[in-house]
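*Asks:* Sequence:
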Amino acid sequence: MNTIGYVARQFQQRQTEGQPRALQRVNSWSTKSLLFPPPPKRSHSAPSFPHQQPPEPPLPPRSKVNLESVIDGIFLIRVFLLVWDNLTSAWHSLLQHLYTPPPIPQPAVLSPTPPTSRSDSSPKKFPFHLPKTLVLDLDETLIHSTSRPIPYQGPHSGLFSRVPFGRSTNKSAGHMVEVVLGGRSTLYHVYKRPFVDYFLRTVSGWYTLVIFTASMKEYADPVIDWLDAGRGILEHRFFRDACLLDLSLFHSLLIFLFIPLPNGSYTKDLSLIEADLARVCLIDNSPVSYTVNEANGIPIEGWTHDPSDEALLDLLPVLDSLRFTSDVRRVLGLR
Numbered sequence: 001m002n003t004i005g006y007v008a009r010q011f012q013q014r015q016t017e018g019q020p021r022a023l024q025r026v027n028s029w030s031t032k033s034l035l036f037p038p039p040p041k042r043s044h045s046a047p048s049f050p051h052q053q054p055p056e057p058p059l060p061p062r063s064k065v066n067l068e069s070v071i072d073g074i075f076l077i078r079v080f081l082l083v084w085d086n087l088t089s090a091w092h093s094l095l096q097h098l099y100t101p102p103p104i105p106q107p108a109v110l111s112p113t114p115p116t117s118r119s120d121s122s123p124k125k126f127p128f129h130l131p132k133t134l135v136l137d138l139d140e141t142l143i144h145s146t147s148r149p150i151p152y153q154g155p156h157s158g159l160f161s162r163v164p165f166g167r168s169t170n171k172s173a174g175h176m177v178e179v180v181l182g183g184r185s186t187l188y189h190v191y192k193r194p195f196v197d198y199f200l201r202t203v204s205g206w207y208t209l210v211i212f213t214a215s216m217k218e219y220a221d222p223v224i225d226w227l228d229a230g231r232g233i234l235e236h237r238f239f240r241d242a243c244l245l246d247l248s249l250f251h252s253l254l255i256f257l258f259i260p261l262p263n264g265s266y267t268k269d270l271s272l273i274e275a276d277l278a279r280v281c282l283i284d285n286s287p288v289s290y291t292v293n294e295a296n297g298i299p300i301e302g303w304t305h306d307p308s309d310e311a312l313l314d315l316l317p318v319l320d321s322l323r324f325t326s327d328v329r330r331v332l333g334l335r
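Numbering (UniProt numbering), first residue to last: 1 to 335.
Among the hints, a few may not be true.
To be verified - DEER-style ranges, computed between Cβ atoms: (1) S326 / W91: 47 to 53 angstroms; (2) H236 / A278: 37 to 43 angstroms; (3) E235 / S271: 15 to 21 angstroms; (4) T291 / L187: 52 to 58 angstroms; (5) L277 / D309: 25 to 31 angstroms; (6) G302 / T325: 22 to 28 angstroms.
Keep in mind the hints are simulated off the structure, nothing from the lab. Just so it is clear, the structure is predicted and the values come from calculations on it, not from any experiment. Ideal placement from N, C-alpha and C gives every residue a C-beta, glycine not left out.
Work the whole structure out from these sequences, hints included.
*Replies:* Quick look at the structure:
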């Protein structure tokens, strides 16, 4: 077997040497080639490519289109507004040229120190209520007058005071007023009720104050001037000639006997002072005085000499709240 194989190889070698070199060596047929076929070779003339799907068409950019339309709309609106503003300004300037306003009259030159008027002392006007009028009685309400001086009695006078029993001091003789009626001269000593100055100063900022007294003008005028003390808060005054007589049986008998009537026998019609009775009230120690307008009356205890009296101070909270009401009669009618 080795010899046969050697002879075959020698024979094959000689054949290959005798052939031209351009020819390539090819594998001979053998059992191995039949058992294992050669691997397939890819042809160079027809290359194989992977199967590719056709690309999908791109979607249209909707958001970009919408944004461009919005920008175009805003631009058109701005252009319209600019044109409208220019047209409006041009129209106004044309009207100003065509229309000349009438000349404005020059205001009168006021004096640097205007005279004091009643409006300076009038109560402050609040936007939520109308100003109101407070009518005050004089005798036994704000003052007390007598033809003889009253001995002064302090708050500590009495049995346990430092002043010896039975003695008193005349600290103040009051204000003296001389009244001449029918050729007769009478001297009166006038005394202020405790806290009357503080009361008048306080309520003058809330109300328009009016004095309505049943006394004669010759007597009441100097007393009111003394109370006013040049402040101008008691300018409005009404006297006995503005009062009405109380025609009760007792008062009619006094008139028939020619007996002078006391001040408490006269009534006071508040409509003479303020037509709107919802904005006026009367403080008087005599209930007869406001029988005509009973819903507008504020009672107070009469005063003659008590130095510890505080009735005027007790009325301040009522008057402070009453000025904010729309109708004083609704509040005063609750008593």
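*Asks:* Looking at the structure, which of the earlier hints fail to hold?
*Replies:* Numbers 2 and 4 - these are the hints that the structure violates, sorted from lowest upward.
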